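Engineer: Read off the chains here:
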Amino acid sequence: MSDANHMDVSYVANLARIELTDEEAVLFQGQLDQVLEYVEQLNELDVSDVQPTAHAVPLVNVLRADEPGVSLDNDTVTANAPAARDGQILVPKINEQF
Amino acid sequence: MTDLNTKTISELSELLAAGECTSVDIVNDVLSAIDERDGRVGAYLTLDREAALEQAEAADEARAGGQTGALLGIPLAIKDLLNVKGQPCTCASKMLEGYTAPYDATVIARLREAGAILLGRVNMDEFAMGSSTENSALGKTCNPWNFDHVPGGSSGGSAASVAADEAIASLGSDTGGSIRQPAAFCGCVGLKPTYGMVSRYGLTAFASSLDQIGPVTKTVKDAALLLEAIAGHDQKDSTSVDVDVPMFGKKLTDDHSLAGMKLGLPKEYFVEGMDPEVEQAVRDAVEHCKNLGAEIVDVSLPNAKYAIAVYYIIATAEASANLARFDGIRYGMRLDGKDPIELYGKTRAAGFGSEVKRRIILGTYVLSSGYYDAYYLRAQKVRTLIRNDFIEAFRQCDAIIAPVTPTPAYKIGEKSADPLKMYLDDILTTPVNLAGICGMSIPCGFSSGGLPIGLQILGDSFKEENILKVGHAYEQTTDWHKRKPAIQPV
Chain A
1 MSDANHMDVS YVANLARIEL TDEEAVLFQG QLDQVLEYVE QLNELDVSDV QPTAHAVPLV
61 NVLRADEPGV SLDNDTVTAN APAARDGQIL VPKINEQF
Chain B
1 MTDLNTKTIS ELSELLAAGE CTSVDIVNDV LSAIDERDGR VGAYLTLDRE AALEQAEAAD
61 EARAGGQTGA LLGIPLAIKD LLNVKGQPCT CASKMLEGYT APYDATVIAR LREAGAILLG
121 RVNMDEFAMG SSTENSALGK TCNPWNFDHV PGGSSGGSAA SVAADEAIAS LGSDTGGSIR
181 QPAAFCGCVG LKPTYGMVSR YGLTAFASSL DQIGPVTKTV KDAALLLEAI AGHDQKDSTS
241 VDVDVPMFGK KLTDDHSLAG MKLGLPKEYF VEGMDPEVEQ AVRDAVEHCK NLGAEIVDVS
301 LPNAKYAIAV YYIIATAEAS ANLARFDGIR YGMRLDGKDP IELYGKTRAA GFGSEVKRRI
361 ILGTYVLSSG YYDAYYLRAQ KVRTLIRNDF IEAFRQCDAI IAPVTPTPAY KIGEKSADPL
421 KMYLDDILTT PVNLAGICGM SIPCGFSSGG LPIGLQILGD SFKEENILKV GHAYEQTTDW
481 HKRKPAIQPV
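Just so you know, the protein sequences line up as chains A and B, in that order. Residue numbers for the first sequence follow our numbering, beginning at 1 and rising by one. Residue numbers for the second sequence follow our numbering, beginning at 1 and rising by one.
Quick caveat, the hints were computed from the structure, so don't treat them as lab data. Treat the hints with care, as some may be off.
Derived coverage of chain A by chain B (criterion: at least 3 residues anywhere in the stretch with Cβ under 8 Å from a Cβ of chain B; other residues may be distant) [said to hold, decoys possible]: (1) 8 to 19; (2) 44 to 50; (3) 65 to 72; (4) 83 to 94.
It should be emphasised that the depicted structure is a prediction, and the values quoted were computed from it without experimental measurement. Where a beta carbon is used, it is the ideal one built from N, C-alpha and C, also for glycine.
Chain A extracted, bound-state conformation:
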C-alpha cells in the first residue's frame, strides 16, 4: 500500500467518468492524499490468516420460480428518461464516426 498514497486524481476521475475542473483536481488531490495516508494505518495489522468479510450476513443465491410478474409499464419507465421516443429511451449515437 505504501507506494499508493499518491493517486493521480485526474486519471482516476477519468476512469470514473467524472470531468473535474483544474481547481477540483488540485483540491481533491490534497484531500484524498490525506485520506490515503490515514488508511495506511491498516498496514499495522497482520491479516494474512484472516478471512475477509464482504457481508455481515451470509449471502446465498436467491432463486425464485421463473414466472412472469408485474413490472413497471413502458410510460412509467420512460417518464424519468432525459429523452424518449416511441416508448424507448433515446440515447446519443455512438457509431457516427464509423
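Assemble the complex: chain A is given as a structure, and chain B must be docked to it using the hints.
Structural biologist: Relative to the frame of chain A, chain B by itself:
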C-alpha cells in the same frame, strides 16, 4: 386539543383510539408547525399538503370502519432517498432533480399498509454521503436546538423534523452512523437495525453491505413501534433475512428494572479528544443504568480504532459501483457531449457535488487493478477483526453502552473544508455497520451550550429487543427526551 404535533406515536395512538382527536387534526397541527418553523429549520425538501390531508381523511375513515394500529393516521417524514410512488426522490442531488419515483420502497408499502401518513421528503447529505447535511445540493438544514449548528447527517432532515415537532417520527438510513449521529445531535431516538432486518428494496443504494433503513423518533417506544411495522423478510431484497419480528412495542413495559442485564462498557469508545461534557454525560448514564440494576462489565473492542479507515475503503468502493448508474442515459440529469463518454463525464461533473465526486474517485481507486488487494481486500479482512471483537464482547454482555459522537453538534461550516476531520466524527458509529449489528442513540444530557448529547446502545445481531429494553428503561427514568428546543416562528 392543540399541539398534537408535539406528541409521540404512542400518545397519539391512544388519543385516536379514544376518539379525542382525528388524524386530520394531527396533520393540521404538523402542517402549522412546518409553516411556522421550517423556514428556519429547513428540514423539508418537498411537502404535499393535499395528499397528506387526503391520507389523514382516509385514515380517519378506516378507523371509523374498525381498523386499528399504532401507526394508523400518524404523519411521518421520509428521507429523500426512499422511493415513494409518485413523489420526487432526489437524494438531495442535482443529478435526480425532477425524478419521480415509479414505485414504493418495501418500507413505504408497509407504512401505507399500516395506515401511516407520508408527509413529504426531508433533507439529507447528497446520496447519504456526509455527517452534517451540509452536502445537500438542495438546501440547508439547521439544528433546531441552535440554528448555527449542524443537525448531523446524513439523515439530518429526518432528525431535525422530529426534534422541531414538524413530524411525529421519520425514516432515515444509516450507512456509517447516519441515523444515530443526527439523532444524537438533535436530541432524538435513532435506531439502526441489524443488517438484513429491514428490506432495502427501494432505498437508493450508497454502500450495499452497510446501508440499513431505520426510525428516528421522540421516544424508544415509538422506535419500537416503527421498527415493528417496517421490519421483516422481503423476497425483493436478497439481503433481507428471514427472521421473526417480535412485537417490540408490546415488550416495553412499565417495569424499568435492568436487574439481570449485563451492560458492556468499551474503554476504546472514550477516545482521545472527546468533549469532557459528552464523556461525563455518558458516564452518568452508565451509573444510572447501574442504579436500575444492570451489571456493568468492561469489554474491549481493540480494532474499533481501524473502523474509519475500513469504512472509507469499503463504503466508497461500493458507492463507486452503485452510483455508476447515474450516467445521464436512463434517468436523471443529462448534459450532451460529442460522444457517450463525454456525455457521461459532463453529466456526472454537473450532477454530483464535491463529496460524492471525492468518494466515487476514492472508491474507483481502491477497486482498481493493482490496488484491490492492498486496500479493498485488506479492509474486508480488518472488517472481520472488528466483527470478531463484537462477537467476543457479546459473549460477556447483553448490550454495550457508549457515546455516539465525540462532541455535540458543531457549527455549520466548521468541518466542511476538511473531509478527513469530518470522517473522523463517525469513529464511534461506523464499527456497528461494519459488524452488521444493531445500535441506537437516545438522549442522555445536554452540553453547557444547550446542545443534546447521545447515548449509544449496541446489541448483537437481531437482538434489538435488548437495546430497546435498556433504552426504554433509561429514558423512562430520566427526562432528557422531554425537553424541547425553543424555536421562534419565522
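Engineer: Hints first: check each against the structure and report whether it holds.
Structural biologist: Cross-check of the supplied hints:
1. Coverage of the segment 8 to 19 of chain A by chain B holds [criterion: at least 3 residues with CB-CB distance below 8 Å; count 9].
2. Counting residues of the segment 44 to 50 of chain A whose beta carbon lies closer than 8 Å to any beta carbon of chain B gives 3, which reaches the threshold of three, so the coverage claim holds.
3. Here's how the segment 65 to 72 of chain A fares: 1 of its residues keep a CB closer than 8 Å to some CB of chain B, so the rule of at least three is not met and the hint is violated.
4. A count of 5 residues in the segment 83 to 94 of chain A with a Cβ less than 8 Å from any Cβ of chain B is obtained; the coverage claim is therefore met, three being the minimum.
Of the hints listed earlier, the one the structure fails to meet is number 3.
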